[in-house]
Amino acid sequence: MIVVPANQPLLEVKNLRIEFPTRRGTLVAVNDVSLHIDPGEVLGVVGESGAGKSLTGAAIIGLLEPPGRIAEGQIMLEGRRIDDLPYEEMRRIRGRRIGAIFQDPLTSLNPLYTVSRQLVETIMTHLPLSEKEARARAIELLQEVGIPSAEERVDHYPHQFSGGMRQRVVIALALCAEPRLIIADEPTTALDVSIQAQIISLLKRLCKEHQTAVMLVTHDMGVIAEAADRVAVMYSGRIAEIGPVREVVLNAKHPYTHGLMGSIPHIGHDVDELTQIQGAMPRLTEIPAGCAFNPRCPKVFDRCYHDRPDLQPVEASEVACHLYDAEERRAAAGD
Amino acid sequence: MTDTAVTTTDARPADARTLVKVDDLARYFDVSPPLLNRLIERTGRAVVRAVDGVSFEIGRGETFSLVGESGCGKSTVARLIVGLYRPTDGSIVFDGVDMGQPGARSFRQGVQSRMQMIFQDPYASLNPRWRVTNIIAEPIHARRLLTDKAEVNRRVGELLTQVGLSPKDGEKYPHEFSGGQRQRISIARALAGEPEFLICDEPTSALDVSVQSQILNLMKELQRSFNLTYLFISHDLAVVYHVSTTVGVMYLGRLVEWAETKTLFNRPKHPYTRMLLDAIPDLEMTGRQRVPVAGEVPSPINPPSGCPFHPRCPHANARCAAERPVLRVFDDTHVACHAVEEGRLS
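In order, the protein sequence lines correspond to chains A and B.
Residue numbers for the first sequence follow the numbering used here, so the first one is 1 and each next one is one higher.
Residue numbers for the second sequence follow the numbering used here, so the first one is 1 and each next one is one higher.
Next comes chain B alone, as it looks inside the complex (with noise of 0.2 Å):
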């Protein structure tokens, strides 16, 4: 992508570059205590706003990162744009096609099927008791995209070589295998259906440091040969840079900041974004200090009001406290930050 083209966002056709647009998304989860507690303790209900107003678009064949600290609601994001979520609020339109709509349930299953998830933990994600070819075939069957067994078969047998594993291994379990394999196995299994839009939930943060970057270097390749577009979610700065065209930044269910990757890292603007930037640790020894982020993130259930950061911003003021900021263009990047719109921070 070049720079030119994050500033023309608005003057270019709706559905010709852009695959999935978010708009406003929302989930809340209610984790009130049963009615009768809630009569006898006089407390009212509790509502975990885990996705508040969210929007940003995924262009395709771009890998759209989103990041964050532990519970700012990334992995909700991804289980509300693959389904696994119903959206409280807000839309989430995929390749043109509104996904919330009333009576679209069978689009919405033929839109799904676009789509699969790769999720963090390849030991929980794969059945132990199935052998990894019928593991791999389960959404070729599901998707009916072949019915002969030879084909299905040879199918297996193709995308385990596409991954980086033998024919051969289809035969086996999966504890037969390390982490990284088993993680080039979700990859296959997410390659059977045909997707053209990856979901990665922390694909590898359950790896070693070796074995992350040949699945990185994997996802990257799958993505050239077969035109992919990945949402990759990762608390991993680093990774997030490698992999990604465009960023997101998250805190507390709000998306604070997004823009083109390089533009988010070199001109950081969000006060957030900067910390987080300056609490990666230091691999170069060039003896830069890390500045710890002062505090920690918040409760979700009682957010603080306004701007959620702004109990930890270095730069609040009165305003950051009552008013919510919105996400604004400036300088190619999207952020909601008062500061930034006020010029007391550039």
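In isolation and in its complexed conformation, chain A is listed as follows (with noise of 0.2 Å):
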């Protein structure tokens, strides 16, 4: 194996791009995104229903649904490629090395099961452990995610846990071989507000513990601005802007985060109207040239129409948009 330098990312993702070959033509649901994690980092990816956050998380961890496939790009995990494996070897890094908790802890625990048999089923298949260890584990595990009176819960069912404790237990399956990175799409939508903090900070807690990286995907920017160390914003496929918590959500710099942020309604703001965005995100087959969001960007000009912005660095953040090519910041500059 080849040696990882001590600063090298836990995950890389390089030019990823994510096709669907339909009979009328291919669809671009993912194109030309990059990101990469560190040990112990909270990545949050956010973006409206479609801008490709999930089909990202789902490319990570090779549970592409055909026929979605990665047409081009990379993936590094701990400096080793993992998109190209054959379908077995992945299998083995998924669950070892990545784990992912999924929005509906419901439909992610198998109901004909028990909790103990399905975590003992994982921790052997990934760790070289005899059955009665395993469901030592399991029981440690449960106690760890917070589940009270652990090794009695341990033999109950899916549906004798309610909705907060089922999703610790899909956490506590994910946690089972001690993964380096957790992917958790929507892990708390499902959840109302005060179990969802309990979530949070169990995620946030078991993070810094163990030094594992998370990619926390979600549409909640609450969620985000209390989990995430960094955010990248995803529209039509493509990060808009990606930096640290506080300046995307603070300092948002692409119009689209900015009007994302506006939209929100804030406890102790009294405004009368919200800040909308017009419009709605363009379908994949309509993804119009040049910067995806012009039909619905308030600083829309002529660049915007023909050119795609590339990311580019801006303050601590990288964005793409053209209001800050060079040319338009010395012309502001000017003014």
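These are computed hints drawn from the structure, not numbers from a lab.
Treat the hints with caution; some may be incorrect.
[Said to hold, decoys possible] Quick list of simulated restraints, FRET-style, between CB atoms:
#1 B:N37 <-> A:S34: 40 to 50 Å
#2 B:G295 <-> A:M90: 33 to 43 Å
#3 B:P298 <-> A:P86: 46 to 56 Å
The model shown is predicted, which means the values in this text are computed figures rather than measured ones.
Positions of the beta carbon are idealized from the N, C-alpha and C atoms, including for glycine.
Two chains, two frames, some hints: make the complex.
This is the structure in structure tokens:
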């Protein structure tokens, strides 16, 4: 194996492109997405439905559903390329090195098996433990994720747990083999606010304790603001803006991020009307030329209609917007 | 609404300002296993008290919001008010008319046509086989508001324009629209019946934030133009803060606190309301630590004795476990809590 330099990111995605061949032509759902996550870091990925955030997560764990396929780009985990691995090899990485948490805890657990059976099976697949040891580890994991009287609860079926507890079981399942990376796709969307806070603080704690990296995919800016270290904002399959969480949330640069933040109602802010972004995200079949956000952008100008903006560094973030092109900035400074 | 209006609730004439008055409303559901199972397993009947003794008032032109976690009974209250469920107990008075009165059937129908409901899921609430024109025209036909076909079409076009769509969109089918546009169609359909009172059950929960703000702005604008009264059901406290005049907090089928929006958010009284407010994610990045609510909502089949919140409440004592608190008014806030009443919690 290649020696990994100490400062290398845990996960690196380079120019990822995901395509869906259809009868009416090829749809590009994710286009030229590059990102990296360091050990112990939480990268938030936000965007509206259809922005490509979940597909990016699915591509990383090798669970893209056909006909979706990775058309271009590379995915590197600890310096090793994983996107072109054969199915069996990827299956061993999944669960062992990359864990996954999905939105609906009811569908990610098998209703016919007890929690202990599901945990023990997963542990034994990945770790060289006997059944007895695996069971002990399962109980330990349930305690770690905060399930009371774990020795007893381990033999229960998923339906005997409440929503929040079920999501804890799913997290325990993802943690089984102490993965280096967890892909959490909308882990709190199906939960109530009060339970949401419990799950987020649990994820953050586990991430710090085990130095696990987390890719947190969600549409909820509140969850991002609270849990993420860095944020990538996706729009129409591309990253519109990526940067430290404080920069993105408090000092949004891309007009889309700006609109998105303004459209969230705040408690204590008395506004009669919320900022609204006109229209809706274009369908994959109708992505306009140039910047995909141009039909909805309040600051649109000529170049946006024919040149696609690339990510460029602006202060601490990177932004894909022509407003920050060198000429534009010079013009703004001249005013 | 001004601050003084809240304190004088009892002094003003009963029907002048209040459009809906709900008094001690209750709805129980029988969730017992079949008789044979009950005999074999020697278990009794099981009853869910989905709504248990809820009272509140909604003023004309106001937005009353109900918040609470899933399963607290907020949607059941909405369905009781529109008449989709019959109450087990208590009364609903709409514009001075008791809807539960026996023999008032024809009258009830007249009253019910003055309310309309908007549902959460715009994918499930529109018939996929109907053209949008027919979907929106249905309440017009049902209430025989217009009979002439050309006039109905003109009215549908007008409604589509009011909700920000084009009259030409009437020819399309629901699947041709995005989630936000479908919710606009649902709103147009609700408005077609010319209601005074709209019951909105999580109208924006299924939508993306940028679309949510469009729908919330539209709803506010329509409220101003048509002097509509809303009952707004949501679990999102920030949305509730933005839209409501008055907010009620529900827990396990009971209303634990209701007050004018500002009062409730600035000076929450009930420990549950305080917990809910503390659990909101911090978008301002002030570094405020979100305090997660301990524990989970107990099952409504066997709710805790006394105050339903006492097992999770940091201020609970023996009285809370034994005696059920009733709603009382403390500085403009209706709150059901022994700790507030005894002054242990201010």
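Hints not upheld, ascending by number: Of the numbered hints given earlier, the structure breaks just one, which is hint 1.
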